[in-house]
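2 protein chains.
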Amino acid sequence: MKATPVKGTADYLPSQTLLRDYMQGVILETYRSAGFERILTPAIEHLENLEKSDGGDNLNLMFKIMKRGEKLAEAIAAGGQENELADLGLRYDLTLPLSRFYAANRAKLNNPFKCIQIDKSYRAERPQKGRMREFIQCDIDILGSESPLCELELIHTTATALNRLDIGSFTIKINDRRILKGCLAACGVAPEQMDTVCISLDKWDKIGAEGVQGELESKEIAADVVAKLMTLLGGERSLESVQALCGDTEELTRTRQLIEDVRRLANGSYDAEFDLLLVRGQGYYTGTVFEIQSNKFRGSIGGGGRYDGLVGKFTGENVPAVGFSIGFERIFAILQEQGYQIPTRQRRVAILCEETEAVQAMQLAETLRQNGDSAGLYTRPKKLGKFLNRLEEQGFDGYLVYGETDQPKWFEEK
Amino acid sequence: MKATPVKGTADYLPSQTLLRDYMQGVILETYRSAGFERILTPAIEHLENLEKSDGGDNLNLMFKIMKRGEKLAEAIAAGGQENELADLGLRYDLTLPLSRFYAANRAKLNNPFKCIQIDKSYRAERPQKGRMREFIQCDIDILGSESPLCELELIHTTATALNRLDIGSFTIKINDRRILKGCLAACGVAPEQMDTVCISLDKWDKIGAEGVQGELESKEIAADVVAKLMTLLGGERSLESVQALCGDTEELTRTRQLIEDVRRLANGSYDAEFDLLLVRGQGYYTGTVFEIQSNKFRGSIGGGGRYDGLVGKFTGENVPAVGFSIGFERIFAILQEQGYQIPTRQRRVAILCEETEAVQAMQLAETLRQNGDSAGLYTRPKKLGKFLNRLEEQGFDGYLVYGETDQPKWFEEK
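In the order they appear, the protein sequences are chains A and B. Quick note: to get the numbering used here, add 410 to the position in the first sequence (first position is 1). Quick note: to get the numbering used here, add 410 to the position in the second sequence (first position is 1).
Wrong hints could be hidden among the right ones.
Note that the list lumps identical chains together, so a pair holds whenever it fits in one copy or between two copies.
Unchecked claim - Computed list of lysine-lysine pairs in PhoX-like fashion (alpha-carbon distance at most 25 Å, straight line):
1) Lys-706 x Lys-796
2) Lys-518 x Lys-796
3) Lys-723 x Lys-530
4) Lys-616 x Lys-723
5) Lys-638 x Lys-723
6) Lys-616 x Lys-629
7) Lys-591 x Lys-638
8) Lys-792 x Lys-638
9) Lys-518 x Lys-819
10) Lys-481 x Lys-629
11) Lys-792 x Lys-706
12) Lys-481 x Lys-412
13) Lys-462 x Lys-819
14) Lys-591 x Lys-518
15) Lys-530 x Lys-412
16) Lys-819 x Lys-792
17) Lys-417 x Lys-530
Hint data in this document are derived by calculation from the structure and do not stem from the laboratory. Predicted model, so just to flag it, every value in this text is computed and none were measured.
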């Protein structure tokens, strides 16, 4: 049998689990305090729903679950291909299950519905530091409202949680897909070229201006259009330069106001700025998109946006929706690397006793627990010194030999 | 797209999620206080490990994950059957992953290792109330010790958690598989008949003495053996009657002492008794087995036992191990049915404001949050009365119209 976990998944030791539980606790408490309500949805989802969900690249990274029993036997006998052999899949994010949940339970929910999801998702990606095949996502979403209040609440609440986790300074990058598309149209990009041009622009940070230009040329975008794009994007890419190009659109006004409001609320505790090149991968985003950039560590530590069309795929009518997701695994990796110490921790005491003293030792343990400490029993070892060293290494704070004393001896006092 | 969750899985509404989070919090806090440490393992496991795990019936209920990419294409092209098409599976319990975890991480763990696992498992069972295909298990296990202290700690800690959850009175049934097998041998059951006889005996509660007798006869167990079995099992099945039949074995002494110790510790807060017919399904149990019976609701609400052989399948050497699992979904179903109210709950306030007041309203919300309340923003609606009724229905405790007052109006004061 194989002792290592499945590729891209991880076992977490007690100290790592403490940190993960602490992080989830801080995030959940921040979100609940801000008036969001947690829901739970299954990790297994109808394959049909996943396939139809506009999940972009994530659809190619899905773990699919085989049919069972006779249905499987029939599918194999009929020479079934991939999607005939499977009927379920592990979800690749929490947004699709939320949309399904909302469609099924709408009548029982508050409107607008402010929702928390903290749970596992799965993607068969190439694993790297902070990117796992089984990973926790922490999302807040607001469904049923078009108001820019939603974006403001989501951004500020997420930023508050991150500040409480002490991950260092960060910047919220904000864009609206319609602004970018407006600019592209103004530069002469045809509607049918929009998506492929966006895919190239998304690589600006990775391959630079020249790389993007080369890609656009190879995609046979007209030379004058490419030239206009490079002038616009090579410049300062500010809200002002967009306004000069496209005039003052509704989405521009809304985005300007949002950034201003976020900055006032942040009051210096984090930063927010316009980023014309921010696209975000998922196909389902329709308006505002945002992303969190750590100023200390490379790469995104969170992101989200408006996806006004997705819930409608279930309900048939349009339900405005916007969400923000924290990159839990990335932040966990950062905190762990920093040797982050959890601020409050229960003291741990080992009670050493003979088997014949078990009941009395357990009773003594309960009095220690009533003080808020953690206390467990261990058979009194022959070599006490070695055992105590091991306890201290393992993060115990003290011990007590039953029958000798009823107060713990703390290791720091030695 | 399908709006209902996958068969045997469930969506949980905010009020249900609050209860589930509360239950998990109580259980985790109780376990941590008793000196156990939480670990996390992936829900996806090597199919090979699952298949070799002595999981009994659970192996037939597995969700298997298909291979991906080229490997899948090759397997399909080669006319691959079920286990050639899949390489991973969803775990059916937390004991197998724990054994794998212990084998991989033993050097970094305390010895004995007292471990908490609260996480999802999956079985493609026929769903019924309190039995789901995706379900939470809450386990504590002690690895690396043969001491009966382990059984005592596991039983009392589990019982303490259940008492804190207020599920009404319950009884811990205790047996040792070796005691039952000793009795069967004394009645003349041959070694190779042991397992099939145990399977029939396990149905005693369901099909009664006559049903069991019929089954044993149909399995061609000799008439005099069946007669002896029926005399023994039709009697009071006490520790004393076992002693009279088999003499005083080590496991009998140990079980007697354990039950006595548990009763002294329980001090009337729960009951414990010997149950000669307790077998438990999993093939991997080797010694003590236990189960929790609610005195109010039918069926088991938890169970466990010693599985001294399982970890050795990974490490090659024998590691004694014992664990206890709470039937989380069953207890959740019971508490929900009772209309259980969580003892402490954050007050929830809705702040109604115009979009232009967003920043100031958010600042006011933060002062409410500092009092421990939950506060979120809502666009001020045209029909205030209807909106407030809806808030109250949804479990809000109060509201505040920004600009009119800076103190919430509580619904109960109306």
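Unsatisfied constraints (hint numbers, rising): Hints 1, 4, 5, 8, 10, 11, 13, 14 not satisfied by this model.
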